[in-house]
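J.: Sequence:
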Amino acid sequence: MTIFDFMHAHMVVGPILFLFISLLISLAVRRAMRNFVVMICGWPPEHLDADGRHGEDY
Numbered sequence: 001m002t003i004f005d006f007m008h009a010h011m012v013v014g015p016i017l018f019l020f021i022s023l024l025i026s027l028a029v030r031r032a033m034r035n036f037v038v039m040i041c042g043w044p045p046e047h048l049d050a051d052g053r054h055g056e057d058y
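When we follow UniProt numbering, the leftmost residue of the sequence shown carries the number 1, and every step to the right adds one.
If you are wondering where the hints come from, they were derived from the structure by calculation, not from laboratory data.
A few of these clues could be false.
Stated by the list, open to error - If you anchor each label on the Cβ, the simulated ranges turn out as follows:
no., residue 1, residue 2, range
1, Phe36, Ile16, 46 to 56 Å
2, Met33, Thr2, 40 to 50 Å
3, His10, Val38, 35 to 45 Å
4, Val29, Phe6, 40 to 50 Å
5, Leu27, Phe4, 33 to 43 Å
6, Leu19, Ile40, 23 to 33 Å
7, Ala9, Val29, 56 to 66 Å
8, Thr2, Met39, 23 to 33 Å
As the structure is a computational prediction, the values presented were derived from the model and not from experiment.
Backbone N, C-alpha and C fix where the C-beta goes; we use that ideal spot for every residue, glycine too.
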């Protein structure tokens, strides 16, 4: 492995892996927060129907 191969691997693959892992972490946190809110508050909230629409508006 030359120095150019080493630089290419760390300058290209590193940021791509970082973005991919960050996306996975953000999706996992979002799903965990949604599950927590549903567990605490229940679903659907009082102002929404079971399909998520606002009562008689539709």
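J.: Taking the Cβ atom of Ala9 and the Cβ atom of Val29, is their distance within the range 56 to 66 Å?
T.: Because 29 Å falls outside the window, the suggested range is violated.
J.: Could one say that the CB atoms of Phe36 and Ile16 fall in the range 46 to 56 Å?
T.: violated, 31 Å
J.: Using the C-beta atoms of Thr2 and Met39, is the stated range 23 to 33 Å upheld?
T.: Once the Cβ atoms are compared, 54 Å apart, the range 23 to 33 Å for Met39 and Thr2 is violated.
J.: Does the Cβ distance between Val29 and Phe6 fall inside 40 to 50 Å?
T.: violated, 33 Å
J.: Does 33 to 43 Å hold as the CB distance between Leu27 and Phe4, or does it fail?
T.: holds, 35 Å
J.: Does the Cβ pair Met33, Thr2 satisfy 40 to 50 Å?
T.: With a Cβ separation near 46 Å, Met33 and Thr2 satisfy 40 to 50 Å, so the hint holds.
J.: For Leu19 and Ile40, compare the CB-CB distance with the range 23 to 33 Å and indicate the outcome.
T.: 32 Å Cβ-Cβ, so the 23 to 33 Å window holds.
J.: Mind checking the hinted window 35 to 45 Å against the Cβ distance between His10 and Val38?
T.: For His10 and Val38 the Cβ distance comes to about 41 Å; the hint holds.
When each numbered hint is compared with the structure, violations occur for hints 1, 4, 7 and 8.
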